[in-house]
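Asker: Going down the list, the sequences are from chains W and Z. The first sequence begins at 1 in the working numbering and counts up by one. The second sequence begins at 1 in the working numbering and counts up by one.
Bear in mind the hints are in silico, worked out from the structure with no lab data behind them. Treat the hints with caution; some may be incorrect.
[What the hints assert, rightly or not] Just the calculated beta-carbon pair ranges, DEER-fashion:
id : chain 1 : residue 1 : chain 2 : residue 2 : range
1  : Z       : E192      : W       : I33       : 27 to 33 Å
2  : Z       : A116      : W       : L5        : 41 to 47 Å
3  : Z       : G556      : W       : N15       : 39 to 45 Å
4  : W       : L19       : Z       : P438      : 51 to 57 Å
5  : Z       : L462      : W       : N164      : 55 to 61 Å
6  : W       : L19       : Z       : A116      : 52 to 58 Å
7  : W       : L19       : Z       : E546      : 49 to 55 Å
8  : W       : T24       : Z       : E497      : 34 to 40 Å
Every residue, glycine too, gets a C-beta built ideally from N, C-alpha and C.
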Amino acid sequence: MEKKLYTISVYSENNLGLLNRISTIFVKRHINIESLTVSASEIENVSRFVVVVNMTEEAVKKIIGQLEKQVEVIQAYYHTDDEIIFTETAMFKFKSDLLFENPQIQNIIKEHSMNIVTVNRTFFIVEKAGRRHEIDAIYDAFAPFGIAQFVRSGRVAISKEAMNIRKILGEIVQ
Amino acid sequence: MKKTERIIGAEAVVRSLLAEGVDIAYGYPGGAIMPIYDELFKYQDQLHHVLTRHEQGATHAAQGYARTSGKVGVALATSGPGATNLITGIADAQIDSTPMVCITGQVASHLLGTDAFQETDVISISSPITKWNVQVTKAEDIPGAIAKAFYIAKSGRPGPVLIDITKDAQLAELDYAYEKCTHVRSYKPVPETNIEKVKEAATLINAAKKPMIIFGQGVILGAAEQEFKAFVEKTGIPSAWTILGLSALPTNHALNVGMVGMHGNYGPNKLTNECDLLIAIGMRFDDRVTGDLSKYAKQAKVIHFDIDPSEIDKNVKTDVAVLGDSKDTLAKILEFVQPKEHTSWLHEFRAFDNIEFEKVIDGQLNPTKEGLTMGEVLQGINKATDNDAVIVSDVGQHQMMAVRYANFTHTRSNVTSGGLGTMGFALPASIGAKMGAPERDVVAIIGDGGYQMTCQELGTILQTGTAVKIVVLNNEFLGMVRQWQQLFFDKRYASTEMINPDFVKLAEAYSIPAKKVVKREDLQGAIDEMIACKTSYFLEVMVEKEDNVFPMVPTGASVSDVRLS
Chain W
1 MEKKLYTISV YSENNLGLLN RISTIFVKRH INIESLTVSA SEIENVSRFV
51 VVVNMTEEAV KKIIGQLEKQ VEVIQAYYHT DDEIIFTETA MFKFKSDLLF
101 ENPQIQNIIK EHSMNIVTVN RTFFIVEKAG RRHEIDAIYD AFAPFGIAQF
151 VRSGRVAISK EAMNIRKILG EIVQ
Chain Z
1 MKKTERIIGA EAVVRSLLAE GVDIAYGYPG GAIMPIYDEL FKYQDQLHHV
51 LTRHEQGATH AAQGYARTSG KVGVALATSG PGATNLITGI ADAQIDSTPM
101 VCITGQVASH LLGTDAFQET DVISISSPIT KWNVQVTKAE DIPGAIAKAF
151 YIAKSGRPGP VLIDITKDAQ LAELDYAYEK CTHVRSYKPV PETNIEKVKE
201 AATLINAAKK PMIIFGQGVI LGAAEQEFKA FVEKTGIPSA WTILGLSALP
251 TNHALNVGMV GMHGNYGPNK LTNECDLLIA IGMRFDDRVT GDLSKYAKQA
301 KVIHFDIDPS EIDKNVKTDV AVLGDSKDTL AKILEFVQPK EHTSWLHEFR
351 AFDNIEFEKV IDGQLNPTKE GLTMGEVLQG INKATDNDAV IVSDVGQHQM
401 MAVRYANFTH TRSNVTSGGL GTMGFALPAS IGAKMGAPER DVVAIIGDGG
451 YQMTCQELGT ILQTGTAVKI VVLNNEFLGM VRQWQQLFFD KRYASTEMIN
501 PDFVKLAEAY SIPAKKVVKR EDLQGAIDEM IACKTSYFLE VMVEKEDNVF
551 PMVPTGASVS DVRLS
């Protein structure tokens with residue numbers, strides 16, 4: 001079976017130590033996590049993990065089983081890229097001199113509709129939210145000019161299908 | 001409003017344990033758990049604390065207690081090394097689904113993360129091997145944490161839970177009131193049973209010509225022995241067991257066809273690859289059961305009964321999965337299956353039994369060689385206990401011989417470390433097993449290697465007067481590793497030969513009556529004396545040094561390539 005990128009969404013209680021429990025499920029199986037974000041969800045006190053992995057569907061199904069087995073996990077889902085809307089954010093920092101020395105930098109910023117986060121005498125920072133390949137393209141364009149700092153967030157994703165977490169929580173309580 | 005009382009956290013721990021019906025706990029005191037021990041001293045009339053000689057012993061004793069009694073085992077330890085010494089037992093309980101609550105003391109909360117004396121991050125260390133764990137830093141959170149711990153440990157697929165309580169939380173006051181936990185909103189212990197799946201399974205069963213059952217510990221954990229027996233008898237299906245399913249069905253039952261797996265019986269291993277329907281009940285297709293998965297029961301349709309949805313399709317692809325509690329699902333399917341007999345198919349198992357008897361079993365039970373065999377020791381124990389002892393085994397050749405040759409009449413009679421394979425398990429586990437089933441004969445079968453991993457627990461036997469019968473089968477080798485060295489490493493016996501102490505003197509140093517047997521004519525008399533003895537008893541049997549356990553499915557081979565020599 002072929003490997004591909006799967007985005008795993010885990011709804012869980014907001015408890016200390018759960019991040020560790022969830023990450024050990026991947027470590028135990030020698031699975032490299034491509035990206036991981038943890039945040040609040042649409043429900044109070046319920047956290048949402050978004051984990052991106054490159055694996056077969058058969059393996060990802062087993063991972064979902066192990067995730068759902070955790071006492072404090074409410075529900076876990078997996079999706080392919082075409083089943084979700086997803087994005088990631090990147091920030092680039094440059095020395096301010098570069099902006100004046102290399103007009104191409106301004107062109108790249110415009111071309112990619114990037115936001116200018118801050119500009120001062122010594123440095124400036126631009127950001128972009130988008131797909132991985134867009135950010136990679138920007139990185140490649142900027143690289144020859146000397147990037148002072150670069151950071152990229154993990155993927156955040158929202159599924160096209162409904163995830164009835166409130167309903168599931170309600171059913172468990174009953 | 002519930003009536004509350006003003007007490008300290010440490011007292012709340014003990015009161016909460018009492019509220020959960022705990023009357024016995026195993027443990028070892030130390031700095032960070034002293035306030036709890038101070039309260040245990042006050043409540044000693046209601047809660048018996050057993051001082052083991054090592055924290056690992058406390059976990060294994062708690063496991064042994066849980067396995068024979070069906071209740072939750074409780075183990076206590078201090079922070080740091082006390083907590084890390086629990087880890088092997090917790091991992092063992094996790095993989096063998098044993099309900100256990102471990103309570104560890106922790107350094108005061110203001111010292112967390114400072115590398116304080118005896119500080120370890122036991123929450124992180126135990127996360128991958130606990131069903132749930134929690135650190136408590138406030139006294140008022142103690143009763144709720146303990147209530148949740150017991151609920152999680154025993155519900156659904158059972159497992160170990162750890163509660164780490166900082167010393168300041170033990171000493172601070174709270175308004176105590178106890179309420180049992182009955183649900184956790186993110187946790188569904190028992191999945192709903194889909195009746196359509198039950199019917200689909202019944203249709204496959206009714207149509208099968210050569211069906212075979214493999215049952216695991218799920219039958220015992222679900223207290224479904226009666227339902228299981230009724231199902232087996234109505235359908236007439238030959239039933240084989242995994243190592244942890246052993247004793248759920250009496251050994252002498254007409255449809256009991258023996259053990260599957262690496263050292264299982266010849267028939268069930270061979271016929272796994274000939275049956276047309278494989279019905280797995282409360283078992284998890286461990287690699288020691290299946291051998292090479294790509295050559296495992298490929299011809300058969302597979303039905304899998306389990307309480308844990310993550311076990312379905314984990315190792316073996318199922319055609320029909322019946323989720324739910326085994327007591328419930330087996331009762332349900334009984335209505336839909338037709339009464340049947342599979343006489344000629346059962347005869348195929350018995351034909352393989354005859355071959356195995358001739359090639360393997362006869363030599364164990366009726367040896368012609370001078371050296372004693374492990375099989376004849378087990379046969380002697382069967383005879384002395386009327387096939388009704390609790391057999392606690394360690395890990396290695398003697399374990400395989402114990403489960404192969406011990407006979408069982410009642411459920412919850414086989415206590416062994418199945419999934420983790422923890423040498424040193426049996427001696428401390430036998431102490432807990434006896435306390436969990438005080439009216440029964442509890443016989444620990446241990447090799448000379450494993451015995452020396454936890455033989456300090458003889459001190460626990462001395463102090464508590466627990467009447468366990470200890471049998472060391474001494475071949476002066478780490479026998480199972482030696483067997484593999486003989487078969488797969490050209491007899492290069494790397495670090496497997498043992499120069500042992502005088503085990504009889506060691507037992508006698510702990511005031512335990514002891515005997516050593518080297519000759520066949522002395523064996524049965526010594527076993528009878530041991531079983532008749534009202535106190536604990538130590539019996540060392542010198543067995544054949546280089547005997548091997550057969551049948552054997554070599555690692556990576558198919559179950560149908562099981563070897564008899």
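Asker: So which of the earlier hints does this model not fit?
Answerer: Hints 4 and 6 are the ones this structure does not satisfy, whereas the remaining hints hold.
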